[in-house]
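Undergrad: Those protein sequences? They're chains A and B, same order as listed.
Here the first sequence stands for residues 1 to 785, numbered as in our numbering.
Here the second sequence stands for residues 786 to 975, numbered as in our numbering.
Everything labelled a hint here was simulated from the structure, so no lab data went into it.
Just so you know, not all the hints are guaranteed correct.
Part of the chain B face toward chain A, derived, beta carbon under 10 Å [as the list claims (entries may be wrong)]:
(1) N842
(2) A907
(3) N925
(4) R945
(5) V947
(6) G962
Think of the CB as a built atom: it goes at the ideal place given N, C-alpha and C, for glycine as much as any other residue.
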Amino acid sequence: MQMIRKFALTGFLLQLLFAAAASAQCTIRLSGTVTDSETKQPLPGATILVKENGMAVKSDDKGVYRLEGLCPGFYTVHISHIGCLPVEVAWQVSADERRNISLPHSVTQLQEVAVTGHAAKEVTTAPVESLSGRELEKTRGLTLGEALKKVNGVTSMTTGPNVSKPVINGLHSNRVLILNNGIRQEGQQWGSEHAPEVDPFLANKMVVIKGAGALRYGGDAIGGVVLVEPKALPVKPGLGGELNLAGFSNNRLGAVSAIIEQQVPKLPALSWRLQGTLRKGGNVKTPDYWLDNTGVEEYNFSGAVGWKKPTYGVELFYSQFNTNLGVFEGSHIGNREDLEQVIQQQRPLPEYTEGFTYKIDRPYQHVEHELFKVKSYLNTGKAGRLNLVLARQFNYRDELDRNSALSVNQMNLNLTTYNGELLWDHFSWKGLRGTIGATGTYQQNSYRSRLFIPNYESLQWGAFWTEKWESANQKWLVEGGIRYDNKQYYNIGDNAGSINYPEQDYASISGSLGAQYRVTDNFHVSVNAARAWRPPGVNELYASGLHHGAALYVDGDPYLKAENAAKFNTTLHYDISDKLEADVNIYYNYIRNFIFQQPTDSIVVTIRGAFPYTFYRQADVSMKGVDAQLRWQFLPKWQLTSKASILRAYNETEKDWLINMPADRFENELSFSPGNYKALRENYISVTVSNVLQQTRTPANPDNKNDPRGQDLVAPPSGYTLLGLEAGSTVHFGQQPVSFIVGAANLLNARYRDYLNFFRYFADEPGRNIYVKVKMPLLFGKKAS
Amino acid sequence: MKKNLRLTLFAAAAALVLAACKKEKNEKPNENANEEITTVKLTFTNAANAAEKVVANWKDLTGGNPVIDKIVLKANTTYHLSTELFDERKNPADTITHEIEEEGDEHRLFHLFFSQANANVADSLGTVATVTPLDKDANNLPIGLEVNVATKGAFTGFLRMVVRHQPDNKNGSYGPGSTDVQTEFPLEIK
Numbered sequence: 001m002q003m004i005r006k007f008a009l010t011g012f013l014l015q016l017l018f019a020a021a022a023s024a025q026c027t028i029r030l031s032g033t034v035t036d037s038e039t040k041q042p043l044p045g046a047t048i049l050v051k052e053n054g055m056a057v058k059s060d061d062k063g064v065y066r067l068e069g070l071c072p073g074f075y076t077v078h079i080s081h082i083g084c085l086p087v088e089v090a091w092q093v094s095a096d097e098r099r100n101i102s103l104p105h106s107v108t109q110l111q112e113v114a115v116t117g118h119a120a121k122e123v124t125t126a127p128v129e130s131l132s133g134r135e136l137e138k139t140r141g142l143t144l145g146e147a148l149k150k151v152n153g154v155t156s157m158t159t160g161p162n163v164s165k166p167v168i169n170g171l172h173s174n175r176v177l178i179l180n181n182g183i184r185q186e187g188q189q190w191g192s193e194h195a196p197e198v199d200p201f202l203a204n205k206m207v208v209i210k211g212a213g214a215l216r217y218g219g220d221a222i223g224g225v226v227l228v229e230p231k232a233l234p235v236k237p238g239l240g241g242e243l244n245l246a247g248f249s250n251n252r253l254g255a256v257s258a259i260i261e262q263q264v265p266k267l268p269a270l271s272w273r274l275q276g277t278l279r280k281g282g283n284v285k286t287p288d289y290w291l292d293n294t295g296v297e298e299y300n301f302s303g304a305v306g307w308k309k310p311t312y313g314v315e316l317f318y319s320q321f322n323t324n325l326g327v328f329e330g331s332h333i334g335n336r337e338d339l340e341q342v343i344q345q346q347r348p349l350p351e352y353t354e355g356f357t358y359k360i361d362r363p364y365q366h367v368e369h370e371l372f373k374v375k376s377y378l379n380t381g382k383a384g385r386l387n388l389v390l391a392r393q394f395n396y397r398d399e400l401d402r403n404s405a406l407s408v409n410q411m412n413l414n415l416t417t418y419n420g421e422l423l424w425d426h427f428s429w430k431g432l433r434g435t436i437g438a439t440g441t442y443q444q445n446s447y448r449s450r451l452f453i454p455n456y457e458s459l460q461w462g463a464f465w466t467e468k469w470e471s472a473n474q475k476w477l478v479e480g481g482i483r484y485d486n487k488q489y490y491n492i493g494d495n496a497g498s499i500n501y502p503e504q505d506y507a508s509i510s511g512s513l514g515a516q517y518r519v520t521d522n523f524h525v526s527v528n529a530a531r532a533w534r535p536p537g538v539n540e541l542y543a544s545g546l547h548h549g550a551a552l553y554v555d556g557d558p559y560l561k562a563e564n565a566a567k568f569n570t571t572l573h574y575d576i577s578d579k580l581e582a583d584v585n586i587y588y589n590y591i592r593n594f595i596f597q598q599p600t601d602s603i604v605v606t607i608r609g610a611f612p613y614t615f616y617r618q619a620d621v622s623m624k625g626v627d628a629q630l631r632w633q634f635l636p637k638w639q640l641t642s643k644a645s646i647l648r649a650y651n652e653t654e655k656d657w658l659i660n661m662p663a664d665r666f667e668n669e670l671s672f673s674p675g676n677y678k679a680l681r682e683n684y685i686s687v688t689v690s691n692v693l694q695q696t697r698t699p700a701n702p703d704n705k706n707d708p709r710g711q712d713l714v715a716p717p718s719g720y721t722l723l724g725l726e727a728g729s730t731v732h733f734g735q736q737p738v739s740f741i742v743g744a745a746n747l748l749n750a751r752y753r754d755y756l757n758f759f760r761y762f763a764d765e766p767g768r769n770i771y772v773k774v775k776m777p778l779l780f781g782k783k784a785s
Numbered sequence: 786m787k788k789n790l791r792l793t794l795f796a797a798a799a800a801l802v803l804a805a806c807k808k809e810k811n812e813k814p815n816e817n818a819n820e821e822i823t824t825v826k827l828t829f830t831n832a833a834n835a836a837e838k839v840v841a842n843w844k845d846l847t848g849g850n851p852v853i854d855k856i857v858l859k860a861n862t863t864y865h866l867s868t869e870l871f872d873e874r875k876n877p878a879d880t881i882t883h884e885i886e887e888e889g890d891e892h893r894l895f896h897l898f899f900s901q902a903n904a905n906v907a908d909s910l911g912t913v914a915t916v917t918p919l920d921k922d923a924n925n926l927p928i929g930l931e932v933n934v935a936t937k938g939a940f941t942g943f944l945r946m947v948v949r950h951q952p953d954n955k956n957g958s959y960g961p962g963s964t965d966v967q968t969e970f971p972l973e974i975k
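Isolated chain A, as found in the complex:
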């Protein structure tokens, strides 16, 4: 005992030496109603048991159950009632959730237990959507940015087929936080051609929090937060795992990802996991031609070890992400004239569209990202729990241009980040649950070769306090929080010490307040108001030089002010049993001092020719829109899912539209689930029609209002419609279930261009892509289940 205490203390102190972000909140409440699947009547007195920690409750006379004080994690919840078949629900928990459970009558003796009609809903006043289970499996093999497009209101900003960044309601890059396993991802996020360095196979669940309410993750999430959450470490003794395979026809991309994990039987507190992913693809083909040098290779792995006791716990996590990304040679432009030339041709030069190969040549990007994290908690009596998270990240980026003896043809950036977070969660006190915390981040960047982003150091610290209150009858939920942040940039200069940029220091307060009212069990209304602020990013302040990909001269402004956003969300949820479900999120976002790149008609003369001059400036903008979703099971085996996402982004200072905002989009999916057939279970076949309109709201050319190009080089591409087809099944080989998904994206091989792809200037989007995905749980020896 003495030993263990000592060990725990050393562990705790050790972590203090390092310098991280979000972590466990053990104040989670799971609730819902238990009903009889036949009669649809509520079932009072049903027993709800959490197998992992033995927590058990009974449903009340309205069939309502409530599990309180859970930590984030993976749980097996066993629900039983006299006269019914018991049901087990595997539940990945990261926030308050409500899930209704229907129990089948034992008399009907169904082979397969239909657990619940609709997925669990997170209980929060902010608009939150998540991808998990089947929906997540459908995205396996895609990049993070592409996978998140499944979430309504999320689009992606792309630079060709391999680089994709999530755009939440029109905002992206510096305005969207990505939390990889609880740690704020710190890479060179500022670049539109810099994809997040995250392995999506790590995730068991991906959550998108739209809007600025997610204070605990940072006050600067003006666009929103993406949480990439791995499964919690196993709590059941035994060795297990999962194997995922994915193959795509278009670029002959293959992906393999495996997880192996164990809760060590002899040491109940100890569990571990190893995970690795390999991904390799070659050149991408548009309907008419290949895009040379668009191959990709990726090799990632991670390992986690956890020591968990009832009163304290420690978890170590290490991950590495490595990639080589081919940059389409036809997109690598020497100067402005080259770009205009290729735009005129409508398609890339024939020498850049020759054929398929896996080989990656210059120009390409080589990126490595390493994360090391220590997370620990200590229960502070019955009152709450103390959490400490410390993390270190290295981000290494090499951008190698075309071979040329005549110019500096590479850029290398090296970013090191340390962060730490100390949080105290307090458990329910008069219906109030909350977290108080402090965070700190130190960051250092250095470059080699070409100067674009200078060397700098930055220090950021913040403190926050959030509380949540739910009325005893669960009709009302009120959430609020406040946060203070300070960020400073210092020691900013070039390698020779010939340029020294002015240092900057920003500080402000952000806050959010929201309420939810459950009019009936089937109809909820939430409102949420938030104030957020974002200090300018390092590129906006200090970038200077040629942006080679875009053939633009970019100038930062070291005296930019911080962005200030006021964001309002109203979310409506309505459902009739399992048959019909509707969600609508209406938002209004007013951002003062919004930072954007302003094109000008002046030019900078360099040895490479003349380049248009752009600079960062600020204006007041408003962004309003609607994300709506409807799921309707109109016949017993048939379901229609419709999504619409509409955004209006307006520059209030200039009285004109904002550039590079996603066009309105609609998606309809019709799916048919024929039921089980012999060993084939959970079968489905679906057809998806995605429709993206042309963006017609772009800023006008001040010299010629009728120029369809406005301030851009070309007019926005026309709208397009894509057809997708997919079928899936789970085959049971004895006890072993194996899930298969087969499908085709862009089934009709449509030729189109997307407004948010930088390649719209000179190349089409990829053509038809047929894919196969396989998921196989790995069972070793006697696995308890």
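Use these hints to put chain B onto chain A, whose structure you have.
TA: Frame of chain A; chain B shown alone:
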């Protein structure tokens, strides 16, 4: 089973140790990477009179503020034009011309005439002078470092010197590849 497990753990630990990230030492270099070319020097020598030379420089030592000489040539005269590129931030100045010679089969210099500054390549004028390359690369295609320029009538406009980088696809024409250097000089022929 147990043995397998130990093996797996060992392999995993080994993988973690061996596959450490390629992080650079955070030693900052103490000099900036130069853009490497600061100066384009055009030397026109009258073919009929070697003593008569016209020299024009395009020089940018600070980045962004080039000093550009005006070229004044005689009408209906043939000049031998020699193009040189230097990095004058180095001392002594580095001659980049050699690199083009060495990679002659990947580069092609063009001397084009325009009536307007920063005009489209398609608007280049064939009526101002005839440019005849004198040098050849390994594939017997012209490089353009040494050319003859035979002026025609009087003209006021611009001479553009472009170095096209055409790895794998140099065929003598302007189209393939991309631009490494593009400089423009005011020109008067009288």
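Undergrad: Hints broken by the structure, by number, lowest first?
TA: Hints 1 and 3 contradicted; others consistent.
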